[in-house]
Amino acid sequence: MAIYSAIGSSITRGEGPDKVTGKSLYAADITLPGMLWGKALRSPFPHARIVSLDTSRARAVPGVRAVITAADLPDSLVGRRLRDMPVLARGVVRFAGEKVAAVAADDPAAAEEALLLIDVEYEELPPIFDAAAAMSPGAPALHPAMSSYEGLPQPPSGINNVFAHITWGQGDVAQGFAEADLVFEHSFNAQLMHQAYIEPHACLVSAEPSGKAQVWVNNKDPYALREQLAAVWGLPEERIVLHPCSIGGDFGGKGSFMDAPLCYYLSLHSGRPVKMVMDYIQELMAANPRHPAVMTIKSGVKRDGALVARQARVVFDSGAYGAFKPTVYLRGADHLCGVYRIPHARIDSYMVYTNNVPKGHMRSPAKPQVVFAVESHTDLIAREMGLDPYEFRRINLLRDGDSSPVGHQWREIRADETLRRAAQSAGWDTPKPAKPGTLTGRGLAITDLSQGVGRFAARVSIGASGRPKLHMAFWDTGTGSHTVLRQMVAQELSVPVDEVDIELLDTSEMPFSSGSGGTRVTYTAGQAVVGAARELRRQLIRAAAPLLDSPEEDVSLHSGRVVVGPSPQRPAYYRTIAIGEVAAHAPAANHGEAGIVAEYEFASEPPDVTSFCAQAAEVEIDPETGAITVTRFVTAHDVGAILNPLLHQGQVEGGVIQGLGYALMEELQTEDGHISTLSFGDYKIPTSADIPPLTTVLVEGASGPAPYRSKGIGESANIPVAAAIANAVTDAIGAPITNLPLTAEKAMTAIKNRESGN
Amino acid sequence: MPPFQYIEAESLDDAVGLLAESGAAVVGGGTDLLPQVRDGIVAAERLVGLGAVPGLAEISESGGGLVIGAAATIADVAGHSGVRRRYAALGEAAGGLATPQIRNAGTIGGNLNQRPRCWYYRSPLIPCLKKGGDRCYALAGNTRLLCVTGGDRCYIVHPSDTAVALSALDARLETAGRGGGRELAVGDFFAGPGRDLQRENVLEPGELVVRVILPADAPERSVYLKVRERESGDFALVSVAAALSFDDSGDGGAVIGQARVVLGGVAPVPYRAVEVEEWLVGRLASGVDPAEAAALVLPNATPLPQNGYKIPMARNIVKRALASLLGNE
Numbered sequence: 057m058a059i060y061s062a063i064g065s066s067i068t069r070g071e072g073p074d075k076v077t078g079k080s081l082y083a084a085d086i087t088l089p090g091m092l093w094g095k096a097l098r099s100p101f102p103h104a105r106i107v108s109l110d111t112s113r114a115r116a117v118p119g120v121r122a123v124i125t126a127a128d129l130p131d132s133l134v135g136r137r138l139r140d141m142p143v144l145a146r147g148v149v150r151f152a153g154e155k156v157a158a159v160a161a162d163d164p165a166a167a168e169e170a171l172l173l174i175d176v177e178y179e180e181l182p183p184i185f186d187a188a189a190a191m192s193p194g195a196p197a198l199h200p201a202m203s204s205y206e207g208l209p210q211p212p213s214g215i216n217n218v219f220a221h222i223t224w225g226q227g228d229v230a231q232g233f234a235e236a237d238l239v240f241e242h243s244f245n246a247q248l249m250h251q252a253y254i255e256p257h258a259c260l261v262s263a264e265p266s267g268k269a270q271v272w273v274n275n276k277d278p279y280a281l282r283e284q285l286a287a288v289w290g291l292p293e294e295r296i297v298l299h300p301c302s303i304g305g306d307f308g309g310k311g312s313f314m315d316a317p318l319c320y321y322l323s324l325h326s327g328r329p330v331k332m333v334m335d336y337i338q339e340l341m342a343a344n345p346r347h348p349a350v351m352t353i354k355s356g357v358k359r360d361g362a363l364v365a366r367q368a369r370v371v372f373d374s375g376a377y378g379a380f381k382p383t384v385y386l387r388g389a390d391h392l393c394g395v396y397r398i399p400h401a402r403i404d405s406y407m408v409y410t411n412n413v414p415k416g417h418m419r420s421p422a423k424p425q426v427v428f429a430v431e432s433h434t435d436l437i438a439r440e441m442g443l444d445p446y447e448f449r450r451i452n453l454l455r456d457g458d459s460s461p462v463g464h465q466w467r468e469i470r471a472d473e474t475l476r477r478a479a480q481s482a483g484w485d486t487p488k489p490a491k492p493g494t495l496t497g498r499g500l501a502i503t504d505l506s507q508g509v510g511r512f513a514a515r516v517s518i519g520a521s522g523r524p525k526l527h528m529a530f531w532d533t534g535t536g537s538h539t540v541l542r543q544m545v546a547q548e549l550s551v552p553v554d555e556v557d558i559e560l561l562d563t564s565e566m567p568f569s570s571g572s573g574g575t576r577v578t579y580t581a582g583q584a585v586v587g588a589a590r591e592l593r594r595q596l597i598r599a600a601a602p603l604l605d606s607p608e609e610d611v612s613l614h615s616g617r618v619v620v621g622p623s624p625q626r627p628a629y630y631r632t633i634a635i636g637e638v639a640a641h642a643p644a645a646n647h648g649e650a651g652i653v654a655e656y657e658f659a660s661e662p663p664d665v666t667s668f669c670a671q672a673a674e675v676e677i678d679p680e681t682g683a684i685t686v687t688r689f690v691t692a693h694d695v696g697a698i699l700n701p702l703l704h705q706g707q708v709e710g711g712v713i714q715g716l717g718y719a720l721m722e723e724l725q726t727e728d729g730h731i732s733t734l735s736f737g738d739y740k741i742p743t744s745a746d747i748p749p750l751t752t753v754l755v756e757g758a759s760g761p762a763p764y765r766s767k768g769i770g771e772s773a774n775i776p777v778a779a780a781i782a783n784a785v786t787d788a789i790g791a792p793i794t795n796l797p798l799t800a801e802k803a804m805t806a807i808k809n810r811e812s813g814n
Numbered sequence: 537m538p539p540f541q542y543i544e545a546e547s548l549d550d551a552v553g554l555l556a557e558s559g560a561a562v563v564g565g566g567t568d569l570l571p572q573v574r575d576g577i578v579a580a581e582r583l584v585g586l587g588a589v590p591g592l593a594e595i596s597e598s599g600g601g602l603v604i605g606a607a608a609t610i611a612d613v614a615g616h617s618g619v620r621r622r623y624a625a626l627g628e629a630a631g632g633l634a635t636p637q638i639r640n641a642g643t644i645g646g647n648l649n650q651r652p653r654c655w656y657y658r659s660p661l662i663p664c665l666k667k668g669g670d671r672c673y674a675l676a677g678n679t680r681l682l683c684v685t686g687g688d689r690c691y692i693v694h695p696s697d698t699a700v701a702l703s704a705l706d707a708r709l710e711t712a713g714r715g716g717g718r719e720l721a722v723g724d725f726f727a728g729p730g731r732d733l734q735r736e737n738v739l740e741p742g743e744l745v746v747r748v749i750l751p752a753d754a755p756e757r758s759v760y761l762k763v764r765e766r767e768s769g770d771f772a773l774v775s776v777a778a779a780l781s782f783d784d785s786g787d788g789g790a791v792i793g794q795a796r797v798v799l800g801g802v803a804p805v806p807y808r809a810v811e812v813e814e815w816l817v818g819r820l821a822s823g824v825d826p827a828e829a830a831a832l833v834l835p836n837a838t839p840l841p842q843n844g845y846k847i848p849m850a851r852n853i854v855k856r857a858l859a860s861l862l863g864n865e
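For the record, the sequence lines run as chains A and B.
Start counting the first sequence at 57; every next residue gets the next number (the working numbering).
Start counting the second sequence at 537; every next residue gets the next number (the working numbering).
Here chain A stands alone, though its shape is the one from the complex (with noise of 0.2 Å):
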């Protein structure tokens, strides 16, 4: 039965059948005629300067076409905002795994082997693998050119390798902490974190003689790359042409160009065809994980509970670059502050160069580090004060007319009701469940997210098929985004969700639109697509007037028809016309086939409202192995209406589980600038049997800026789990875990020193 209200029906995937078929193709699977293999050659060390490169003995393998390095590209830096990555290592190498030479071959085994005889002799060089040593004034600088980079969002700050020193706040500081009764001070560490998406980078370019570049890649931001390599590369951007692909996960890492640059000039070296395909060694090794944070937070505090002031510190390790940021700092380090009234405050936080893995965007970027930060030095002050957690945070959350600690002026400010939701649902005023043997305990956090901004270009035609037709150059990351793009079409012009189709244009044949991420996708991108189909619509109803004999204002449309219904004027007056033959009568207008096409651009304003995600974790805690099971779990959101609620439900879950591996399990381990997790048996992530009960609250009601007064949900699930499950197992323990993953051999030691009370 077809079903035609279309917003809020729990619609599944529309590529899921392709994707579990093998029929979706994606980056690795593009194959084009006279297509070589590219391989990297990669420094083993972590600080090096290159003394010589030698590549004859690699140009003698059979099946060998190019093979390059630094000094056959133009000396030009890359970057996504900052632009101080070389393609290929030039003179000196910043972190072991860092790309020296590149070869292009007929077959994968062939590329390989000329890797192996690519002679490269290096000097060492003193490495820094620690943020806070980095930006000592005795530590070398990584980046002495730094100053001349494009894309830095201030000049230098003067602090040795610190690349972008933001602050915010408001108030004074100062004054606040003369006011205050008490002051608390507590520092944490956030780990290094993967994305582990099932599809590792890969992309396949076409250095064409006729000037142009044809490219496909698993990049979710097609237009941004399309810049990044047209700067690069030095050539115009009307040059470059990204292909639609399917992209197998993205988690916030597939928005970096990768190998892309490099695939380039191996093509126009060897003048074929070349894809480059990581495998995950290489991911683990060399991609672009979430960044590893430190943290400080100070907060002066009333007797009554009340906050007054903090002063809070982040320091992010970038690593050998920051050219994988697209705007170069953290934004969400601006959570430092949670969703609290906080009069004086002040943020500082540091993106600082070292000679570890490059780092980029992860889900929710900055924010599941800096709120597992602050939401258990709340916990941390509310325990050393005697006030209940719940209650601690209840006197200081941000309510309606506040002004957030970093000078966010929201309406409808649900903070209270969600947290309260999420209380009551995990029974916080009963009784913690004893079991013999067991530590138990139990931990809240809460943190807003609003949704983010950017630009979109939609199309949606129609032709005598009756089929609407959803034209646009963005692809689905994995989020179920083009089914829920297809649900507004197929609502706005009331047809069936099945019958709404999707065609994927590429980069040259629409304007520009940002890509999937920053919970942007459901709000600009479903603006611009509800605003085309609304004025197809307008445009359907105007060529059916006549064909129907009624004025404009007479015509709706239901079911999959125009209609006219009976008025005051004429009341047995019924006709309806099929939608696809009024655009049968229309002239020529898509791809010379008659029709009627609408098209609509929209670029979105920072909204004023935000989204609340309040979480309570139950753990128990074996004192003898340390083992710690998260038992419940129950996550509250502050929602606007729901488009697609298993969809909706897919990204809680998803968000709250990768939230459980960087709480208790996942984590890059390094040592001296080398990962040594480099597989899936090692680099931990979450089983099934790993996940706990899991309880999601909607807290409804609230209006969002996206259609249909929705919000998106794409990272909000993901950010306080860490915090919720770390206040649990303080709980439980009564003494902290400051550092994540919050793992056995950790609990251990924490059971263990609160035993003999250190």
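If you're looking for bench data, these hints aren't it; they were derived computationally from the structure.
Note that the Cβ used here is the ideal one computed from N, Cα and C, for glycine as well.
Fair warning: there could be bad hints in the mix.
[To be verified] Straight-line Cα separation of at most 20 Å, EDC-like style, residue types lysine to aspartate or glutamate; simulated pairs:
no.	chain 1	residue 1	chain 2	residue 2
1	A	K491	A	E680
2	A	K354	A	E235
3	B	K855	A	E680
4	A	K358	A	D444
5	A	K802	B	E581
6	A	K802	B	E767
7	A	K525	A	E591
8	A	K358	A	E206
9	A	K525	A	D74
10	B	K667	B	E581
11	B	K667	A	D738
12	A	K491	A	E676
[Unchecked claim] Footprint (simulated), chain A over chain B, 3 or more residues, beta carbon under 8 Å:
no.	stretch
13	643 to 654
14	671 to 680
15	765 to 773
[Claimed, not checked] Distance ranges between label pairs, derived from CB positions:
no.	chain 1	residue 1	chain 2	residue 2	range
16	A	I215	B	Q541	33 to 43 Å
17	A	G64	B	E767	50 to 60 Å
18	A	A197	B	P538	24 to 34 Å
19	B	G823	A	I254	37 to 47 Å
20	A	G327	B	E594	29 to 39 Å
Use these hints to put chain B onto chain A, whose structure you have.
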């Protein structure tokens, strides 16, 4: 992935012949070997499968005990009623290792011959001592998951769960090789780096494990406990297999006859806590304080900088294992 040839041996003699050539290796489910071939850690040009050798994938009764062919899958071992009834520690070890997919593909022979999980060994980039390199990189690096006893220039822990259980059950292994076969106790099969840095057992080149023999007189009560960082697909931080048999004390009570307490995750081989075993034997079961026994675990451990936590963890799970075996007495 480097190219290799895969051959299914038709008989044991055929397998032994195929393995005689250099560059040949036995493969079971391939769950451990193939990633190592892919990453260039193990060079193998010819992989010899045993699944088609008659009888080698079977589990059968023999002389009151059980005989498990080397090509029997871990899932078959875990699900076998005789294993579960009489050799509980083995059933629990097999049923809880890795993931369902790996248990369905992996074999008992392969599990006993797994290579270490030490990530210095597993990294294609690190020329560690076990791979013929110049030194142990772990010693100056991350020692969290390494051994607390038995290290000698190399500090791996043996990764096999079933090896720990089989050692506690006093199982024996039958091998085949060019010089004929032999039978040896599981405890004599594994060997630490002091004997051979590059191997974890005493198999000669070309020799392979063909059967596991579970004795009829294995202790009747056994258990396997494992501490790990996630609930599936993970190796033990520390594990224990404990097995006890009981004799009549003459006055209605029970005296501990045989006692085997073997630890995983603490040493380069399954580690027998002989001090605990000796302390237990001959005691009235009702009078045993598991904590007192467990305090004797790892008396001479020499933990590395980051793995001292394994010692209290080991004592605590030995205590728990003994309590569970004695609790039902």
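To see whether the hints hold, each was checked on the structure:
| no. | hint | verdict |
| --- | --- | --- |
| 1 | A/K491 - A/E680 | 14 Å, holds |
| 2 | A/K354 - A/E235 | 14 Å, holds |
| 3 | B/K855 - A/E680 | 10 Å, holds |
| 4 | A/K358 - A/D444 | 16 Å, holds |
| 5 | A/K802 - B/E581 | 44 Å, violated |
| 6 | A/K802 - B/E767 | 18 Å, holds |
| 7 | A/K525 - A/E591 | 14 Å, holds |
| 8 | A/K358 - A/E206 | 46 Å, violated |
| 9 | A/K525 - A/D74 | 18 Å, holds |
| 10 | B/K667 - B/E581 | 18 Å, holds |
| 11 | B/K667 - A/D738 | 19 Å, holds |
| 12 | A/K491 - A/E676 | 9 Å, holds |
| 13 | 643 to 654 | violated (count 1) |
| 14 | 671 to 680 | holds (count 3) |
| 15 | 765 to 773 | holds (count 8) |
| 16 | A/I215 - B/Q541: 33 to 43 Å | 59 Å, violated |
| 17 | A/G64 - B/E767: 50 to 60 Å | 36 Å, violated |
| 18 | A/A197 - B/P538: 24 to 34 Å | 42 Å, violated |
| 19 | B/G823 - A/I254: 37 to 47 Å | 56 Å, violated |
| 20 | A/G327 - B/E594: 29 to 39 Å | 59 Å, violated |
Hint compliance for this structure: hints 5, 8, 13, 16, 17, 18, 19 and 20 are not met, and every other hint is.
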